[in-house]
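Student: If you want the building blocks of each chain, they are given just below.
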Amino acid sequence: MDRFALDVAHLFAGGLVLVSFMLLYQDRMTGVVNNFALHALVVSLAVAWQAHIQHAPHLYITAAIALVVKAIIIPLALHRIIVRLGIHRTIEVVVGIGQTMLAGIGLVALSIIVMLPITAKAGTLTQQDLAFALSVLLLGLLMMISRRNAVSQVIGFMSIENGLILAATGAKGMPLVVEISVAFSILIALIVIGVFLFRIRERFDTVDIHALHEFRGEQP
Amino acid sequence: MAIALNLLVQFAQMVLVLALAPLFAGFVRKTKAHLLRRQGPPLIQPYREVLRLLRKDVVLADSASWVFRVAPYLVFATTWVAAALVPTFATGLVFSYAADVIALVALLGSARFMLALAGLDVGTSFGGIGSSREMLIASLAEPAMLMVVFTLSLLAGSTQLSSIAEFMQASDVGLRFSLALALIGLIMVAIAENARIPIDNPATHLELTMVHEAMILEYSGRHLALIEVAAFLKLLLYVSVIACVFFPWGIAVSGQGPVAYLAGAGVYLLKLAAGGLLLAVFETAIAKMRVFRVPDFLGAALMLGFLATLLLFVTMAR
Amino acid sequence: MALTGLLWCVGALLAVSVAAIPVARLRSASTLVYGATLSVSALALAIAIACLLAGGPLLGALTLPVGLPWLGAHFRVDALAAFFLIVVNLGAAGASLYGIGYGRHEEAPGRVLPFFPAFLAGMNLVVLADDAFTFLFTWEFMSLASWALVMSHHRRPGNAAAGYLYLIMASFGTLALLLAFGLLAGPAGGYAFEAIRAAPPAAGVAAAVLVLALIGAGSKAGLVPLHVWLPLAHPAAPSHVSALMSGVMTKVAVYGVVRIVFDLLGVPTWWAGALVALLGGVTAVMGVLHALMEHDLKRLLAYHTVENIGIIFIGLGLALAFAANGMRPAAALALTAALFHVFNHSVFKSLLFFGSGAVLTSTGLRDMEQLGGLIHRMPLTAFAFLVGSAAISALPPFNGFVSEWLTFQAILVSPALPQWLLKFLVPAIGALLALSAALAAACFVKAFGVTFLGRPRSDAARSAREVDRWSVATMFVLAAVCLVAGILPGYFIDALAPVTRSLAGARMPPQGALDWLTIVPVAQSRSSYNGLLLFLIIAFAAGLGAEAIHRWASGALRRSAAWDCGFPDASPATQYTAGSFSQPIRRVFGSVVFRAREEVHIPPPGDLRAAEMHVRLRDVLWDAFYVPITRVVGYVADRFNKVQFLSIRAYLTLVFGALVALLMVLAVWQ
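In the order they appear, the protein sequences are chains A, B and C.
Take the first sequence: its letter number 71 is residue 71 in my numbering, and every next letter is one higher.
Take the second sequence: its letter number 132 is residue 132 in my numbering, and every next letter is one higher.
Take the third sequence: its letter number 416 is residue 416 in my numbering, and every next letter is one higher.
Extracted from the complex, chain A is given alone in its bound form (with noise of 0.2 Å):
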């Protein structure tokens, strides 16, 4: 593999850590969501370039199914979610956001520790992928337990699912079945989560989930 195509792998699979990165920098609604879009068109412009040096064409339908649904469509639809539900626009967070970067640089100084001694036998650009897709998902766990609004906790889960898109090209072939159903399931996951949303802020107008803790039976 030629370096400049190692280059531009590299160049993505790292903005993608680096975008996961915004996302936990932001305190603002709007900021969450447009970073996520952001971080969607990374990676579909990762995987689109894995289609070129791969030249596995149907990685292409990939990056755009990502692109359309993930970039476009789910940014717009939670834009007009939270107009409609009036969701107050700072996202609370349990603990300061230096020390939540702090934990994201370890997690990320772990991933790689961890991977890269287990891929030392694959190629170099499946074992980047694969330390940055890692770091990708620790990073999106991290932002669902560090934050106390329900959409920023659903959009920490679809990080999760971009990091693990990437982890799959990198590792070379992925058929396109497996894509489909993952993101269906993706998508029911959704549909559910927003349901539920609607129904929480209808009673306790609010979604940030710590006030559900009062209404909890049997407390200790």
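It cannot be assumed that every hint is accurate.
If you want the ones that stay clear, here's a sample from chain C, every Cβ over 10 Å from chain B, calculated [stated by the list, open to error]:
#1 ALA24
#2 LEU165
#3 VAL211
#4 LEU439
#5 VAL588
#6 PRO604
#7 ASP619
Derived coverage of chain B by chain A (criterion: at least 3 residues anywhere in the stretch with Cβ under 8 Å from a Cβ of chain A; other residues may be distant) [what the hints assert, rightly or not]:
#8 154 to 166
#9 297 to 303
Because the hints were derived from the structure by calculation, they are not lab data.
Being a predicted model, the structure only gives us computed values, none of them experimental.
The beta-carbon is built from N, C-alpha and C at its ideal position, and this holds for glycine as well.
Got chain A sorted already, so can you dock chains B and C onto it with the hints?
Tutor: Just chains B and C now, with coordinates in the frame of chain A:
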């Protein structure tokens, strides 16, 4: 004979840097004015300001000590020496091996130390505000700077600016994402250290927005002229570092002869103009942050540096 | 032989210590005693320098027929011991010279004069000891002598508690060292260091010994979390003793760690390096953050010692990691950086403590919030303190910068390490080091600025006077050493070569022969630093600027009230205080590390009461670590209290039970 010539070239760089610094500041001001659809002051206005200050009396507060009087000279000397050690039109000059990037940052730290002490010397609350905020910003900017240096030294195998510039120019570094991250981190640190928007406003005298201006509030006359020139030199230093490390094309190597030096100087002026334009656009485009958002800003620079190092480790693990 | 000379010097110190008991009542007692210790320390310093530079013919070992009958007392001087003897005796000579002037103000000379030479003798003996028993005995002797000095003003509030905590931590440290030496000696019981060197322990035992040595010697050096006694005990002692404890005794503890880990344990493991370096990094940042929150001058300096010990341990950890991977030149670089910082810190920390002692003598105050404007009243002390502050903040061209620069260079070599954890950990530790260096500069701007600059905040500060010439002379000598070590570091690095060669198996490239006296840690193409050239160019630039100003600028100058944006306020209470200076840093870091909370009570308009601001800081380590331990100990002690009140039959049952248990153990072991 050869050593006398080398010394001459080094001295020429020192003079060049001193002469260009106010012009650069004037260029940035003029560009900002044009972006705001104003005429703006003439390009040589900073020179006129310095000359005007030199002609004025010095008014010293009753409680000022010798530290207050000596500090401007030390600040000026250390900043000038640091600026003279950065490759501008040629790398590998005689004195450039006396200090590497870490020593340069520490030299600027010496200047900042003296200035912060001068701020506390007169015993007013403005000086205290400036000094304490300046030390906070410095304490956050130094780790970020170190991470950028680490990334560069990982790639180039050296912390000497001359060696790094020659490495970036000569070898095929390729498209490196880590270098882009390091560049952004370095730009953020440079903005913080030079008291530009969004960290500090160099054109204001309101206490809520002052860091650098608060420390030098009591200075007047020739002392203030020295400190202003030192501030211009510091800005020129950071732009030169960014130019020679990340955009080293056109830099001459020491010993290539006067034609190469002149060509290098011409390219350097072009790079300065581009840097000044970008700085003016950036400053006009965003607003100043409140002081307690500065840690977030510099923390982001630190994270970018860390990330650059980690990503570089991945690509170099072959 | 050099060793005999050194032992005679120690004997002379002990003799002075005994002689000081009857002599203490005389008026000139302090001059006599400190003069005697000064001459003996200077002699020992000269011998030690000769040992380090000349090497082979002067080194040697000796066994005295004192102590345990089958062991004797082994003493040895090798390159490492010679270097640490230089550090100890330089500090001792400085403290003695300072004491000649400072000791005149001592209110209880009978409590200080006999123990000071004993303390010096103890420190020298620890460095010379060559077997475990002598080492531990002299270590305890050193601790007890310094404890007596800490308790010399025991009626002052807080000093008795400080002494009590010091005694507990010192005993705990010696216990850990006892266990470490026991493990090292092994079942054969060979306590001489020669025997231990010949039989390096197995991997698990080596790990236990490392941890015990870190606990034992590290607690005396001030490693987090065992540093809590340091900021209480060091300031309680008289100022020249504080300088010795912070500047020299902590270095003797570092010597203990180096001797055990580098010399006696054999080849290290890489995770040992990671552990030591990580501890060093955390110690550095915690120490300087605590220092920033302090407004007592001597406690600030004591916390700062903790920070510098952290920097030294970063260098030691890196040296261990490199040595474990067989990268000998890199290990030599890291070790040189750590040892050079040992020397530098002892010099500038002594200087700073002497300065604070001068302030204390002159104003009777240690609290920075009551001082200010002392630069006008005590100009010489202020100048020396400024040089010390610049040196400790790692600013070129002073010596603190050179040792920190060398540590950074060692960090930059770390990508060559094969272990991934080390590869990621070392840049993080580098960031911690840069953070602590920048915070140290902030701390000393605060310390110097609030104490010496500005306007005086109390009558004591207004009526301060310069101290006597002995104190001032000592401070200037140390300031000169700071500058010289910063401008000519090549010679110091070359002098450390025999030490690193014996411990790490390599040395840094010879520095003395390079042109223009540059220092090159690894290779010329990689990085270099020239302190002398920088100093000359800066002086030249400053001179050029001053000359140009003198010629072309207006020379007029007049005094007036401060501008202060048009509100010149006569009250010095409007100045920035130490607490207000560190407020931004307290907000950014303190809310996490100290759980700092600020509360402001402002009375409503019309109410004439003063507004109040309360800042609450909690020492997280004290709460999480020490308080539970003391609770457990208290609980267990309460339970065991019942043993005091048993009947005779119960006591007999206890004796019977112990005997039967021992017999059962013996039966099983057979």
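Student: What hint numbers does the structure not satisfy?
Tutor: 4, 5, 8
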